[in-house]
Each structure stands twice: as structure tokens, then as C-alpha cells.
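Those protein sequences? They're chains A and B, same order as listed. 1 is the number of the first residue of the first sequence in our numbering; add one for each residue after it. 1 is the number of the first residue of the second sequence in our numbering; add one for each residue after it.
Honestly, the hints are just simulated from the structure, not real lab data. Glycine residues also receive a C-beta, built at the ideal position from the N, C-alpha and C atoms. It is possible that some hints are incorrect.
Over the 10 Å line for every Cβ pair with chain A, so calculated as not near, a few chain B residues [stated by the list, open to error]:
#: 1; residue: Leu55
#: 2; residue: Phe231
#: 3; residue: Ala297
Have a look at the derived ranges for each label pair, beta carbon to beta carbon [stated by the list, open to error]:
#: 4; chain 1: B; residue 1: Ile123; chain 2: A; residue 2: Thr54; range: 51 to 61 Å
#: 5; chain 1: B; residue 1: Arg36; chain 2: A; residue 2: Arg166; range: 51 to 61 Å
#: 6; chain 1: A; residue 1: Ala328; chain 2: B; residue 2: Ala9; range: 18 to 28 Å
#: 7; chain 1: A; residue 1: Asp246; chain 2: B; residue 2: Leu47; range: 28 to 38 Å
#: 8; chain 1: B; residue 1: Ile164; chain 2: A; residue 2: Asp111; range: 17 to 27 Å
#: 9; chain 1: B; residue 1: Pro201; chain 2: A; residue 2: Gly37; range: 33 to 43 Å
#: 10; chain 1: A; residue 1: Pro74; chain 2: B; residue 2: Ile164; range: 36 to 46 Å
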Amino acid sequence: MATSILGKLFSRTTHAERTTRRATERAEIRQAAGSAGIPSVSVRDLSLRFGNVTVLEHLDLDIMDGEFLVLLGPSGCGKSTLLNCIAGLIDVGEGQIFIKGWNVTWEEPKDRNIGMVFQSYALYPQMSVRRNLSFGLTSAGVPRDEIDKRIARTAELLQIQALLDRKPSQLSGGQRQRVAIRRALVRDADVFLFDEPLSNLDAKLRSELRVEIKRLHQTLANTMVYVTHDQIEAMTLADRIAVMKDGKIQQLGAPHEIYDRPVNRFVAGFLGSPQMNFLSGRLESGPSPAFHAGDVSVPLDRYAFDKPGAAGGPCELGIRPESVAIGAEASARPFSREIEVEIVEPMGANTLVWTKLAGTNFAFLIDSQSRLKVGERVTIGFDPARVSLFDEATGVRL
Amino acid sequence: MADTASLEAAASRSPLVSRQLAGPRGPKPRRVVSRRNILLYGTLIFLALYYLLPLYVMVVTSLKGMPEIRLGNVFSPPVDITFEPWVKAWSSACTGLNCDGLSRGFWNSVRITVPSVVLSIAIASVNGYALANWRFKGANIFFTILIVGSFIPYQVMIYPIVIILRDIGLYGSLYGLVIVHSIFGMPILTLLFRNYFTSIPEELFRAARVDGAGFWGIYFKIMMPMSLPIFVVAVIIQITGIWNDFLFGVIYTKPDSYPMTVQLNNIVNSTQGVKEYNVNMAATILTGLVPLIVYFASGKLFVRGIAAGAVKG
């Protein structure tokens with residue numbers, strides 16, 4: 001009995017041997033993946049439950065090599081959880097995760113070859129900036145001179161050389177997040193994960209760093225996954241956006257696609273500021289379909305239906321505030337109507353005007369040069385080709 | 001600006017407005033002697049005196065000779081100061097069989113306290129770290145058991161521990177007492193460390209994991225350097241607790257290895273001869289000196305550590 005156990009122990013390969021074998025296997029797979037165009041990150045049928053709460057449900061997602069993917073959604077939609085699952089910081093319930101073709105579902109975070117940036121920066125407070133940057137490399141056993149070289153190179157990329165010997169507490173918020181982004185990049189990882197990195201910064205710094213991140217992605221061309229609830233960040237940074245709600249991806253596509261043709265009522269309402277206007281009414285199907293709500297009726301001949309020949313019934317019409325025209329231009333549109341101005345909100349670049357249409361509040365954007373006054377009557381109009389139509393019961397785009 | 005000008009114009013017409021303009025400006029003056037201050041400081045000074053009085057009596061008595069003590073003026077300062085009682089208490093007072101004073105007990109206490117403090121804090125900090133950051137399976141049950149353990153009165157466990165120590169051959173030795181102290185310190189210390197580590201942002205821990213640090217790497221390189229205040233609190237709690245312990249000391253050791261507190265008791269309660277109050281007082285102060293010094297030396301860090309759990313950032 002004892003001899004058989006001992007025999008088993010000794011017949012097994014040593015730790016060092018296993019590590020080298022894994023490394024070679026992995027390099028092989030990475031190469032094969034690269035030439036075969038296998039996604040950089042693949043999430044397969046991922047589910048996660050905490051007790052009775054389902055956080056992620058049968059989720060599939062492929063992120064291409066060099067792509068900037070943004071996970072966008074309201075708080076509690078599971079976007080951060082998904083990112084943490086990819087990072088290996090939360091154990092998945094079901095499903096698989098691949099990074100560069102390598103199955104990392106059960107791997108430790110350090111073995112996934114990822115870099116991560118956190119909302120609260122998560123810099124080690126007792127270490128200097130230099131030590132913060134080198135910590136991961138030292139843990140990975142990278143030689144000393146190689147570490148110095150990499151830090152010098154990365155520091156140069158974002159003008160933080162002067163800060164290398166300071167402690168995080170001596171840095172401003174923006175500098176801290178810059179250092180945190182450096183710390184992730186210095187590792188030369190396969191995938192970079194950003195967990196709401198700009199949410200703790202003020203508006204000015206946020207837009208500055210947003211541009212910096214975009215520039216970094218353009219120069220480095222690494223795969224990046226970015227979690228945010230800020231639609232401006234999502235629209236500006238993303239190659240593709242995944243809009244999430246209740247642990248499911250609602251829509252996955254290029255920013256303009258999601259903005260112009262939202263697949264459901266939720267995505268339509270979530271993206272866009274000021275928000276899309278919604279009118280509740282009825283769809284009249286037939287050879288010349290039209291939308292009726294109270295005294296408003298919109299011809300839909302030019303509307304590209306998702307499902308041709310949709311049956312008539314209760315539905316919602318969504319119109320973006322910026323696709324509404326006023327004055328002479330409006331009269332030329334297929335739908336136009338004279339309304340009374342109720343509230344005027346100047347926003348600098350343009351002005352938001354509120355009125356009533358079919359009994360509901362309706363907002364539209366005008367150029368800040370054209371001054372409208374409260375109580376004034378003006379003609380507004382829009383092109384039905386640029387509206388969205390949703391089934392009232394299911395919220396699905398028609 | 002325009003407002004001030006119009007206000008001044010109004011002042012020229014109405015005396016009421018001009019009185020307002022001439023009225024108070026700048027910081028509000030603070031009175032040093034006010035009813036509130038007298039009440040506050042009066043109470044504080046009274047309470048401070050009340051608590052300091054016994055200490056005063058102890059110090060004064062320990063510096064008097066026996067003839068002076070017999071006069072009975074407890075509060076009067078010593079007429080001719082003598083350090084004889086201190087020397088005697090330290091090196092030649094009789095404690096039962098041997099007459100080499102408290103010095104033997106002092107060194108015994110050091111030999112008990114130092115390893116107990118180091119051992120218990122080393123184990124408890126790792127416990128707290130594991131419970132706070134590595135939510136392993138059964139962590140909550142483990143923690144509950146640990147906390148429930150701290151509610152069981154010591155006295156219930158005395159005899160079972162005697163049997164256990166006897167069976168493993170450590171009864172009567174300093175090692176046995178060190179183990180007992182370490183175990184009894186575990187619940188409160190683990191709770192202390194767990195709460196402190198929970199207050200450290202979890203993203204730091206996650207960042208370290210992504211950076212490739214393991215269980216011990218994160219503990220030694222990230223968590224420990226950030227936790228000086230709480231370690232100081234733990235050291236103080238343990239030093240005072242173990243140094244001042246009498247019960248375990250008298251039960252689990254032999255007369256040769258009695259800690260200082262037990263020696264002190266034997267000096268003060270010895271039934272032979274005359275009661276030497278000055279020696280007793282000196283011996284008591286000597287015994288209490290170690291925790292006092294620890295408090296004074298680390299006071300600031302102690303307060304910081306106690307507050308650290310409550311206030312974020």
C-alpha cells in the first residue's frame with residue numbers, strides 16, 4: 001500500500017517540468033490561434049448564480065484580437081462580474097473561458113496573462129510608483145534589467161518618469177489612474193481589462209484620460225475589455241459595444257449600429273443623452289403601414305422593418321431628439337406638426353426644447369443660434385426612416 | 001460691490017441700517033472662561049485626580065521607611081526618601097520558599113509573554129487575512145466557532161486543559177503556558193485582524209492576484225506593510241493581557257517558573273513577619289510598569305489602530 005503511493009508520487013513529473021511543458025503547449029496554441037483567427041477572448045455559455053440571484057445567464061461572447069470591446073450597462077447588470085470572471089477573480093458557475101485559445105476556466109488570475117485596471121486605482125500604498133510597476137514582473141520572475149527596461153519604456157509612453165519614486169499618496173487622482181494603467185500595460189499581457197477606470201475622476205480628467213486610452217489602444221493594438229456605465233466612454237472608445245442588462249447581452253455591435261438601430265426598447269432608452277422620445281400608440285399594418293397615437297399619425301412607408309409584415313397592435317415609436325428638424329426644413333419632412341414650446345434648456349453647444357406631442361413630453365435639440373421662446377409656436381418634423389419602432393409588450397424592435 | 005454701495009446709501013438714511021453695518025465682522029470671539037468650559041474642565045480634572053490618587057499613595061508609600069508609614073499619614077509626602085523598598089522588592093523579598101525578590105518572576109514573565117505574543121499574533125493575523133480575503137469553503141462556520149469560543153468562561157476550561165497538557169507532557173512548563181495564552185488570544189485577535197483586513201479595499205487584493213502574488217506573497221508584501229497600526233494594537237492587547245494574567249500562571253506553571261504576577265501575590269500575601277507596606281507598594285508598581293511603558297510608548301499608534309477599523313480611508 002505504502003509503496004504504491006510512494007511509487008505514484010515519484011513517477012509524477014516535477015513541478016518545474018510541468019511548468020515548462022505548459023508554457024510550450026501554450027505558446028503552440030497561441031501561435032495556432034493567431035494564424036487561425038481564433039478570438040482573443042472567448043466566453044462560452046457562462047452562467048453564474050449567487051444563491052437565488054442569477055448574475056450571468058448562458059452568456060456567449062467572442063472578442064477579436066486587437067479589438068476594443070466595451071461592456072455597457074446600468075449598475076447590477078453583471079458587466080463587472082463578467083469582467084472579473086474573465087480575470088479569474090470570481091469562479092464561474094458553468095461554462096468556459098478561453099484566452100488566446102487556451103482554456104483558462106479554472107486557471108488562477110496570474111496564469112491568464114492579463115493586465116487589469118481598477119476603478120479605485122488599487123495602487124499598493126506602501127510602495128513607490130516604480131515598485132508598483134515592477135511588482136507583477138518580479139512575481140513573474142522577469143530578470144532585473146529587463147524590468148528596468150520595460151518600466152523606462154512604459155513610463156515614457158505616458159510621461160510619468162518624474163513620478164517614479166513617489167508614493168501613490170503623493171499623486172493626484174489622474175496621476176494615480178495613469179500609473180495604474182501603466183502597471184497593467186507593463187506586463188505585456190494578452191488582454192487588458194478595465195473595470196470602470198474613469199468613474200472616480202472629475203469630468204475634465206475623465207475626457208483627458210479617455211483620449212489617452214484611445215491613443216494607447218491605437219498605438220499598442222492590444223485586445224482590451226472595458227467596463228463602464230458611461231455611454232460617452234462606450235461610444236467614443238469602443239470598436240464594439242455589448243449592452244448588458246440582467247446578466248444578458250442585449251445587443252452586441254459597433255457603436256453607430258447600436259445607436260441607430262437598437263434591438264429593443266431598453267437599449268434605445270439606455271443609449272443617448274438626451275434620451276430618446278417614446279410615443280405609445282398603435283401600428284397599423286398593411287400595404288401602407290402607419291403609426292397612430294392620439295392626433296398624431298406617422299406614415300411608415302420609408303421605415304425599414306426588422307420583421308417585414310409585422311402585425312398591427314400596440315407599439316412604441318422612438319425618436320431621437322437630434323433627428324428632429326424645425327422651421328422650413330421640418331415642413332419638408334414626411335411628418336411635420338406645429339407645436340408650442342414649453343421649456344427651453346440651453347446646453348451650450350445646442351439647446352434642448354421641451355413640448356408635448358400626442359399628450360406626452362417630447363424633447364428635441366436645436367442649434368443654440370436659433371433662439372426659441374417659451375410659448376412660441378414652431379413647426380417640427382422628422383423622417384420616419386430614422387425612427388425606431390418597438391413592440392409594446394415585448395420591447396423588441398419591429 | 002453694487003450691493004454694498006446701495007447698502008451704504010441706505011445707511012445714510014436709516015440709523016438702524018447703519019448700526020447693522022457698524023456691527024460685528026470677522027471671526028466670532030471665543031471666551032476662555034465660560035460656564036461650559038468650567039463645567040467641562042472641572043469634571044475632567046476631578047476625575048483625573050480621583051483616578052490618580054491611588055497611584056500617588058502607592059508611589060509615596062513605596063518611598064517611605066516603615067517607621068514613617070506607621071505614623072499613619074497616608075497622603076503626606078515622604079519626609080526622608082528611601083529606595084530601600086524598591087531594591088528589596090526587586091532582589092530580596094521572600095516569596096514562599098526563595099528570597100530573591102521579583103527579579104525571577106520578571107524574567108519568567110518575559111519568557112512567557114514574548115513567545116506568546118509573537119505566536120498568537122502570527123497565527124491570528126494569518127487567520128484574519130484568510131477569513132477576510134480568501135473566502136474558503138466553511139469560512140463562516142470556522143469564524144462562528146472561533147467567536148463562540150470566546151464566550152465560554154475560562155474557568156470551565158481550566159481542568160480539561162490541565163489534563164490535555166499533562167497528557168502531552170507540557171504541564172508545568174513555560175511552553176504549556178505559552179500555548180494556552182496563544183490559544184486564548186485567538187478569538188479576539190482573529191476578529192481584530194479580520195475586521196481590519198476587511199476594511200482594506202478588495203481591489204488591492206485583486207490587483208495583487210492579477211499581478212501574480214500568491215497567498216503568502218499578498219500577506220507579506222501587500223497586507224502586512226499596510227497593517228502596522230493594527231499589529232500595534234494586537235501587541236498591546238496581548239502584552240497587557242498576558243503580563244497581567246494571574247490565573248493561568250498559577251495553574252499551569254511550577255513555583256520555579258511562576259510569572260511576576262504570581263510572585264507579587266506571594267510577596268504581598270505572605271503571612272510570616274511584619275507587613276512591609278512600602279515593599280508591597282514598590283513590588284506592585286514594578287509589576288505594573290511593563291504594560292504602562294508599553295501604553296506610553298505606543299499611545300499614538302494605539303489610538304490610530306483602534307480608530308482604523310471605524311473610519312474608512
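Here is how each hint holds up against the structure:
1. Leu55: Consistent with the label, B:Leu55 stays out of reach of chain A, its closest Cβ about 40 Å off (over 10 Å).
2. Phe231: Correct as stated: the minimum Cβ-Cβ distance to chain A is 14 Å, above 10 Å.
3. Ala297: holds, 23 Å
4. B:Ile123 - A:Thr54: 51 to 61 Å: Given range 51 to 61 Å: violated, Cβ gap about 39 Å.
5. B:Arg36 - A:Arg166: 51 to 61 Å: violated, 45 Å
6. A:Ala328 - B:Ala9: 18 to 28 Å: With Cβ atoms ~53 Å apart, the hint is violated.
7. A:Asp246 - B:Leu47: 28 to 38 Å: violated, 60 Å
8. B:Ile164 - A:Asp111: 17 to 27 Å: Violated: the Cβ-Cβ distance is about 44 Å, outside 17 to 27 Å.
9. B:Pro201 - A:Gly37: 33 to 43 Å: holds, 39 Å
10. A:Pro74 - B:Ile164: 36 to 46 Å: Between A:Pro74 and B:Ile164, where Cβ atoms are some 58 Å apart, the hint is violated.
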